[in-house]
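Enquirer: Sequence:
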Amino acid sequence: MTETAPGSPAPLLEAVGVEVSFGGVRALQGMDLTLGHGESAALIGPNGSGKSTLVNVITRMVDVDSGTVRIGGVDVTRAKRHELISHGVARSFQHVRLIPELTLRENAEVGIAHRDLKRPLGEIRTWFGTGARRDARATVDEALDLMEVPRTIRDRLPGQVPFAMQRLTEIARALVTRPKLLLLDEPVAGMNPAEVRSFLEAVRRINASGCATLLIEHNIDFVMRAATRVTVVNRGRRIAHGTADEVRRDPAVIEAYLGTRHAKEGDAP
Numbered sequence: 007m008t009e010t011a012p013g014s015p016a017p018l019l020e021a022v023g024v025e026v027s028f029g030g031v032r033a034l035q036g037m038d039l040t041l042g043h044g045e046s047a048a049l050i051g052p053n054g055s056g057k058s059t060l061v062n063v064i065t066r067m068v069d070v071d072s073g074t075v076r077i078g079g080v081d082v083t084r085a086k087r088h089e090l091i092s093h094g095v096a097r098s099f100q101h102v103r104l105i106p107e108l109t110l111r112e113n114a115e116v117g118i119a120h121r122d123l124k125r126p127l128g129e130i131r132t133w134f135g136t137g138a139r140r141d142a143r144a145t146v147d148e149a150l151d152l153m154e155v156p157r158t159i160r161d162r163l164p165g166q167v168p169f170a171m172q173r174l175t176e177i178a179r180a181l182v183t184r185p186k187l188l189l190l191d192e193p194v195a196g197m198n199p200a201e202v203r204s205f206l207e208a209v210r211r212i213n214a215s216g217c218a219t220l221l222i223e224h225n226i227d228f229v230m231r232a233a234t235r236v237t238v239v240n241r242g243r244r245i246a247h248g249t250a251d252e253v254r255r256d257p258a259v260i261e262a263y264l265g266t267r268h269a270k271e272g273d274a275p
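Quick note, the sequence shown lines up with residues 7 to 275 if you use our numbering.
Hints in this document: simulated from the structure, not taken from any laboratory. Honestly, I wouldn't trust all of these hints.
To be verified - Here are the simulated distance ranges between beta carbons:
#1 200 with 158: 27 to 33 Å
#2 92 with 211: 42 to 48 Å
#3 25 with 143: 40 to 46 Å
#4 81 with 215: 25 to 31 Å
The structure presented is a predicted model; accordingly, all values stated were derived computationally and were not measured. We put the CB at the ideal spot given by N, CA and C, even for glycine.
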């Protein structure tokens, strides 16, 4: 793990020596991860390697056996899940979690309610009858604009729009909380190539706004374009960390995950 120089600001995210076991099986073994402010990073690795477990540790959906997680230098290892919003942490999920009876705009508004009330999502429906909802409209539209959700479909229900629009709305819901760190679990799964290219530009806009992103993704071509730093996980351990080109050429990564195709593609002009 990289040491912070004296007088330098603390990294945005630090996970140090994280250990997690499920039923005696070690899911994470001494895992370290550091992420800087405004950075775009990615976690990659085979299925079952521990990527999602680490993200669930960071977002307090899984307890650690040992180790520490800090956000902006503050220890959040034992924080309540809904308290993370006050530390600037938001996430999307592998499977889209929109409320089916709410419109796209209303689903994005849920993020504002979550931020204001600092309570679990299931306890915030009363917020919709308050003046705070009216005040939030500009923030919601800004997030939906950033994700390029067309204004013409924002009053439709999730089931009435393509999957990619549902995914973008879910991420807009996270962005309305004004996060410093946005964790995205397989965000381009189910998207066609054109949608993936569009989403790549959305990630760049998010980073340009000052929000760091941590991607958990199996689409390696997307990862290599979206992330400035890549961490590779296998069997609960970090086996490589570096730039996309460094990771692409790492023999341990090629053997465990990438194979020779992606390594050779990295040599193409």
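Enquirer: Hints first: check each against the structure and report whether it holds.
Expert: Structure-based check of each hint:
1. 200 with 158: 27 to 33 Å: Violated, at about 19 Å.
2. 92 with 211: 42 to 48 Å: violated, 24 Å
3. 25 with 143: 40 to 46 Å: holds, 45 Å
4. 81 with 215: 25 to 31 Å: The hinted range 25 to 31 Å holds for residue 81 and residue 215, with Cβ atoms some 27 Å apart.
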